[in-house]
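Following the hints, position chain B against chain A.
Residue-level listing of the chains:
There are 2 protein chains.
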Amino acid sequence: MEGYKTFLILLVSSLLLGLILITFAFVWIFVYAEGLGWDGSNPEFNWHPLLMITGFIFIEGIAIIVYRLPWTWKCSKQFMKFIHASLHLIALVLVAVALVAVFEYHDAKTIPNMYSLHSWVGLTVVILFALQVVVSMIVYLIPITPISIRAALMPVHVYSGLLLFGGVIATALMGITEKLIFSLKSPSYSSLPPPAIFVNTLGLLIVVFGGLVFWIATRPAWKRPPEGINKSSPEGAEVGAASEYSNTEKSDMELNSETARKRNLNLDEAGQRSTM
Amino acid sequence: MEGYKTFLILLVSSLLLGLILITFAFVWIFVYAEGLGWDGSNPEFNWHPLLMITGFIFIEGIAIIVYRLPWTWKCSKQFMKFIHASLHLIALVLVAVALVAVFEYHDAKTIPNMYSLHSWVGLTVVILFALQVVVSMIVYLIPITPISIRAALMPVHVYSGLLLFGGVIATALMGITEKLIFSLKSPSYSSLPPPAIFVNTLGLLIVVFGGLVFWIATRPAWKRPPEGINKSSPEGAEVGAASEYSNTEKSDMELNSETARKRNLNLDEAGQRSTM
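The listed protein sequences correspond, in order, to chains A and B. Oh and the first sequence: position 128 is 128 in the working numbering, straight run, nothing missing. Oh and the second sequence: position 114 is 114 in the working numbering, straight run, nothing missing.
Looking at chain A on its own, in the form it has when it is part of the complex (with noise of 0.2 angstroms):
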């Protein structure tokens, strides 16, 4: 793998950064607000950013780079597509149990619902995140979708995976601008006081964590290989070619095409194909 170390420095700084969050989060729940309950009051609500940075930020943006850790290449495509939905799908229940946290605490405390625009993009971001957790399990685990449709909408799958995960982060920066300004009343959010600092500061970490998983995301060269490579043999070459693991539009186009063959070839020649 090209680059191994600088993909594994990063890949550290990622997860350590994602349980940093994970810590923020807990400090701001515990320390600067009243802790976790289930009755209706604060502690109630206090579940939801919990849940949303645990579910929706950390597993998430471990789910999306699930593919890229090199150690799983040994392990078969279908076992890692298993896990890479296993983690959507506690994503998905986190950020369920998130939103009902949210939702009984507003109505306990007769607070409208929906009418905030991070409620608007958020509630959006979870129904689309639902919906390609759905849509993505039926069309890639299930065997029984032709793999040119597979591969005709990876780009789509991929493009829409990072979308919602950072829908997801600026929808967060919403929810804490939010919850900072309505429950900092003396001293304001506005004089900065210590979990002024230290909430704003979860958010700038955040976007860090974000923007290390699309680098991490979007780099050709840490690509998990196709399966079916075998490099004394041109087909198999295009069955790696052809398989619907590879998810650049530009693999999928060149679909069992006699250009994707000749251009395997060369490059497992230069014993390059493991880099795409």
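Fair warning: there could be bad hints in the mix.
Identical chains blur together in the list; that is why a pair holds if it fits in one copy or across any two.
Below, computed lysine-lysine pairings styled on DSS-like, alpha-carbon distance capped at 25 angstroms [stated by the list, open to error]:
hint: 1; residue 1: 74; residue 2: 223
hint: 2; residue 1: 81; residue 2: 223
hint: 3; residue 1: 109; residue 2: 179
hint: 4; residue 1: 185; residue 2: 109
hint: 5; residue 1: 179; residue 2: 223
Quick caveat, the hints were computed from the structure, so don't treat them as lab data. Keep in mind that this is a model prediction, so the values were computed, not measured.
Leaving out everything else, chain B in the frame of chain A:
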């Protein structure tokens, strides 16, 4: 160009949507706020969303996809670089005026500066954006940087540009959230009066505009073909692959390599070089 019709539909949609965003900003300011002015009061603040949406979202979005317009492929790359850089500079000037407007407004109203997450993320994005513009002009416009360095930096240039654009959109959404909470008092934001619905809709449209720009900018088939391609000449193909214009890491890695030469030859044979 492959998928020319789809490209055209998405391009026209994004241009129309961009103009709708600016129209929404004007309606917000002149129907629901107090218009424009430069006297330290609300009308001075209103320049902030108007210029940010016009400069940092619409013009910046167009700057990102300007190389994709197929009718500009007849123009020299150097000319298009000037267009790309000029659009960024125009955006930067509008952003600077937008910042002056909000700082002067805060000072006149004795509202503290730089306490909100919107301001933290926003100022970080503006500083990094200015840095990106200056560094990129030195590296890509002034013909002193070796072509290998230009190529090596291109993935970072592309990634930073897209990440900063995403940062701009997230910051705009936080700004809208803040402004609606602070400005809508009776009736309040939470009762969802017409300006709340209108500006929330503006926020959603900003997200859709960003999604369109990201899709157009990341389709490999819609990239400007490298200069110097001559189908009858392998050297021509090599010059193309070796140029800094190709903004994928893969092309950068293949710089001057025998693999790149062979691959480009094959792609030229299939008449597919221009889709890369």
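Hint check, failures only: 5
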